[in-house]
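J.: Place chains B and C on chain A using the hints.
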Amino acid sequence: MSESLQFPAHPTDVVEVSPPPTDEANQPLRPRSRRAAAARDTLIRSVAPVILALITGGILLLILGRDPLTFYGDIWQGGVQQGSWEDSAMRAAPLLLIAVGLIVVFRANIWNLGYNGQFLIGAALITGVAPHLAGTPIAVSLILLFLIAMLAGAAWTIVPALLKAYYGTNEIITTLMMSFIGIGVANILVKGPFQDPTVNIPQTRVIPLDRMLPSIPGTRIHIGVLVALAAAVIAHFVATRTSFGLRLHVLGANPRAAAHVGLSVRRLILYAFVVSGALVGAAAAADILGVWGYMRANWNPGYGDTVIPFVFLARLNALAVIPFIAFFAVLSNGGDLAASNANLPTDFLLVLVALILLFMTVIEYFGRQRDLGRSYLTPGLRRALRTPLRRRPRESQEVAP
Amino acid sequence: MTALHVAAATNIFSRAVLTSLLAGGVLAGVPLLLTALGESISERAGVLNLGLEGMMLLGAYIGFVGAYYGHSEVLGFVLGASGGALGASLMVVLCVWLGLDQIVVGIAITLAGEGITSVLQGAQFGSSYPRLGAPANLAIPVVDHIPVVGSSLFNESPIVYIGVLFAGFLVWLFRSTNIGLNLRAAGEKPEALDAAGVSVIATRSWAVLSTGALAGLGGAYLSIVAAGVFTPFMTQGQGYMAIVICMLARGRPLWVVFGAFLFGISLSIATALQLAGVNISTDVINMLPFVAIMLALVIFSRSSYLPPALALPYVRGAR
Amino acid sequence: MELLGITKTFPGVVANDEVSLALRRGEVHCLLGENGAGKSTLMAILAGMQQPDEGHIRVDGRETAIGSPRAALDHGIGTVYQHSTLVGPLTVVENLLLGDSRAIRLNVAGARRRLQEFAEMLGVEIDAEARADELALGRQQQVEIIKALWRGSRVLVLDEPTSMLTPQAVDELQKVLERLKETGLAIVFITHKLHEAVALADRISVLREGRVTGTLDPVRLQSITPSELEKEIVRLMFGDSDAAGEASELKVSVEAAEASEGEAQSGRGGEAALELQNASAPGDGSQPGIEDISLTVHLGEVLGIAGVDGNGQRALAEVISGQRRLKRGELHFLGAPIASMGVAQRERLGLRYVTDDRLGEGIVGGLPVSVNLVLKRIGQAPYWRRGRIRREAIERDAEQLVSQFDIRTPSIHQRAGTLSGGNIQKLLLARELSSDAKVVVFHKPTYGLDLKTTRTVRRMIGDLRDGRAALLISTDLDELLEVADRIAVLSRGRIVGTVENGPGAAEQVGRLMISDVSLGMEVAA
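Residue numbers (this note's numbering), protein chains in the order written: chain A, 1 to 401; chain B, 402 to 720; chain C, 721 to 1245.
Bound conformation, chain A alone:
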């Protein structure tokens, strides 16, 4: 069922056994210029959607009677200037961990869309368990809490993973459903067993500052950011240099080939899900232990929703996603200030994210058409627009022998 759900932007830079493959093989280019062209191409395909989305967003702001320049200026001010870049860096930590978690499954062409539930379950458990670890050494406590969150996130993927592996049940649906359940369970935990008895608001106890993640010396930035960066580097290494990475890629690119060449598809699906869930759980740990220290009922930052476009823009490459996450961290951190200055809900950022996604798919389409030497228009559109004077070759899937 969902084996057929192929995302067209599947990584082409996989397993770097080869130089980035291009379709200009027929016109021999010197390797360097070819590589440069490919790099330029990738850059355009990745950055152009962001720029187009910002421009369209600006037009939307104009329509709403806001000054886009002020808005974007505020983002810069609130996201980068005067030390707010440190806040942005800390905002980036959970985003990056989730992004890496999504890259792991998306490379296998599995859609884990249950990140919100996985995240909140992890967060709730941390805030609930942390007070009980008050007596343990700080390092032990932190590592334990990270593990608990990771386990919780992973556990929340098990049912969809098993259903997908054994019955092929569409994991988009099951992970989404599990996500809603997870959000509910997290709320019940926060309002029930983990409720801070000393306050009336539904929230957990606050973890004291000295029990949270330490800062990198000389900054306010907590070390969770380093954890996230390390996770990205490791994920990239696993994806490009190890047999596990190649197996996941084969599964993602052609699940039938995976079965044909003897990969244990079920086990791979389970692994991919569990690793992904664990990384999302780690994101929760980094965010709670690094920034918040407590959790309020009905809190749902929805990091995963906003991360998805950047995961695709980075073409499921865990290293390439880092600058995109940095960009979005600034955007969202500064966006709070900009939105409140412009008297708009911060949900405006969702619109920007959606625009990035849409422009990305469109640009991907144009790029693909050009790669295949096709016209940009679909046959139907072209027929409608065709003039009797000009005839262009039609598309075909046939490949030159």
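Hints were generated in silico from the structure; no laboratory data involved.
Built from N, CA and C at the ideal position, the CB exists for glycine as well.
There may be inaccurate statements among the hints.
To be verified - If the Cβ cut is set under 10 Å, some of the chain B residues that face chain A in the computed set are:
| id | residue |
| --- | --- |
| 1 | P559 |
| 2 | V630 |
| 3 | V645 |
| 4 | M648 |
| 5 | S682 |
Claimed, not checked - Over the 12 Å line for every Cβ pair with chain B, so calculated as not near, a few chain C residues:
| id | residue |
| --- | --- |
| 6 | R790 |
| 7 | G819 |
| 8 | E1081 |
T.: Same frame as chain A, but now just chains B and C:
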């Protein structure tokens, strides 16, 4: 069992509780019904519509604004349906015409719908949430006086009847019309439809547009009738629930009706239980439908059916 | 109807080059050519699926553009594609009604009557309410023909119509075509099989490399002897170069295989390489599984499996390769039970499988040739060490295999999906035959390949007689007669008989295929 529990247990079946359960079930079930019926059209034609949530929100907001300023529910419903169709038109262009990935575009439409309606609501009304007056109901004579079911099922907004009748219409459309045949072929084997001289692109385009209109209508019902107010993110995953209902019903309209009202009732159990004096946290209640769906998926996972060409763009000549 | 100077190019290939054809009423016009000669493109242009870059199409003397399949139907051109265009879950009547009219309501009763008329005209019997995918393939094809004629077509285009049929169903098709011809229909019959063209055609046009190399009109067809005719056609199909020599060699080799019976015998009597005992496995979808199959492949032997496509071939191959679990029965490889082993384990033992679905499961198109060559050894030494990839090792062996198996690719870094069908097949052969292959299962190994590659592949299969063994599953009887030592016939998931290859084997195999399938047709009808 304590006396309190026994009292609660007997109360559960009191007339007031049953009436509120049924009425609530209808209230909560109709948006699901309309949206899931819509999804059954596009799924049949081979388009997986993950943008339903966004289309519902668009319909809810635009419908609400229409009803609020136009002082007309009908106007609200019409605008709501067009709002949903507007969201769907994006999917038509990107997924059906250009063959882009349906999942990514679906997610984008949902995000855009969530963001834009929240922003517009904020820009238009600030932090105030104006309410509409009580919706106009259409009581069906005679049967509306039957106890319990009368006031809950036969004294409803016209949209409710339209929704149920539409399910019947879809049964007829799918079974005994050329349109239904074309839709099925577009989902099962688009190349066969193409070879038969019918445009796959056009078939799918109309299917997706109708889906959007129905989702928009469902959203409009949510804001105009069920809630009487628009709040951001008010659909709370109902778009996704509609997809699941459609999947479990294997796209059969009458089963969709059944499933939608079942889930509607499970959504409305909270109010009914509170009336009965049972106090359960709303978090548990809100979770129940999703738990039910997961259970259904676990139990029926082997028998849920999706058309083979679902979520695959059609490009002539591609194999 | 006339085609004038049709030219169609795809990136890198000229599929049709100035093709001109004339189609006449009451005549079967055969388009004959090798795989890749441009027949399918020409058919797609006739059916409105593709537009020519240059050239004109005239219908009844008037110039027309066939811009879409709908336009083709409106001009009275009905097409039966090589791959079924029936929608499986729909009934026969529903399939016929698909796209039939723009009216809202379905006219089921009318369609049923109409179907009855057509069935009588063709002299066949068809259940209107049967699900299309539950009909036998021959019956499905009859439905497709009716569908192509449904809107009053005057031209009927058949693309490789015999490729899925039993010999008996081919005879039936021939009768159907005779009847249709009498009604004044112009029939275009596309095939790559010479004897079919000779048997059926009133007029033969031969295509080579996108060009019409010659047309034999009815007068000429009547005037020359069969052997002269074949020689003439072979010359037109393959040119005057040594390719022609190869072609005739191919034909001759059939007799050679029959003659070299003694030699084939010598290889046998060896140890049992692969043994199935009462093996049963489920099918998938409309594809049947296998039922109670027992067979033995000896070392030094090529065992052929004949049968019409869709009779359990895939299930048989996958049971042996390990992709499908046995429901009942036993499976031994060189004496050891392997039924509980996975694909990877069997692969390491030396049991290999060359799949028929080359693009669908054979390769990962987005990965380079070099990686595709080690796809069945992911994680194993020497290509991986402690889970880490060793590119030098992969690339060194890839270079060697590419030259050894003559895989034509710009480099080993080329994405495998961009190679031509023949080169993808050579890639698969290189992967499966290298490093200690002992028993190899081939599934339709030459399907869709050009002549030269076909020859290479068949030679490689024969080479396995050197103490290794092969199981050759093929729907091409000629191929089996040429390569196999013994031929077992697979029908509806069962082995209905085994024939020693030799003089008369073709008839025996044909009889086995017919006997059981005709039974099946009765059940289906």
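J.: Take the hints in turn and mark each one as holding or not.
T.: Hint by hint, here is what the structure shows:
no.	hint	result
1	P559	violated (31 Å)
2	V630	violated (16 Å)
3	V645	holds (5 Å)
4	M648	holds (7 Å)
5	S682	holds (6 Å)
6	R790	violated (3 Å)
7	G819	violated (3 Å)
8	E1081	holds (14 Å)
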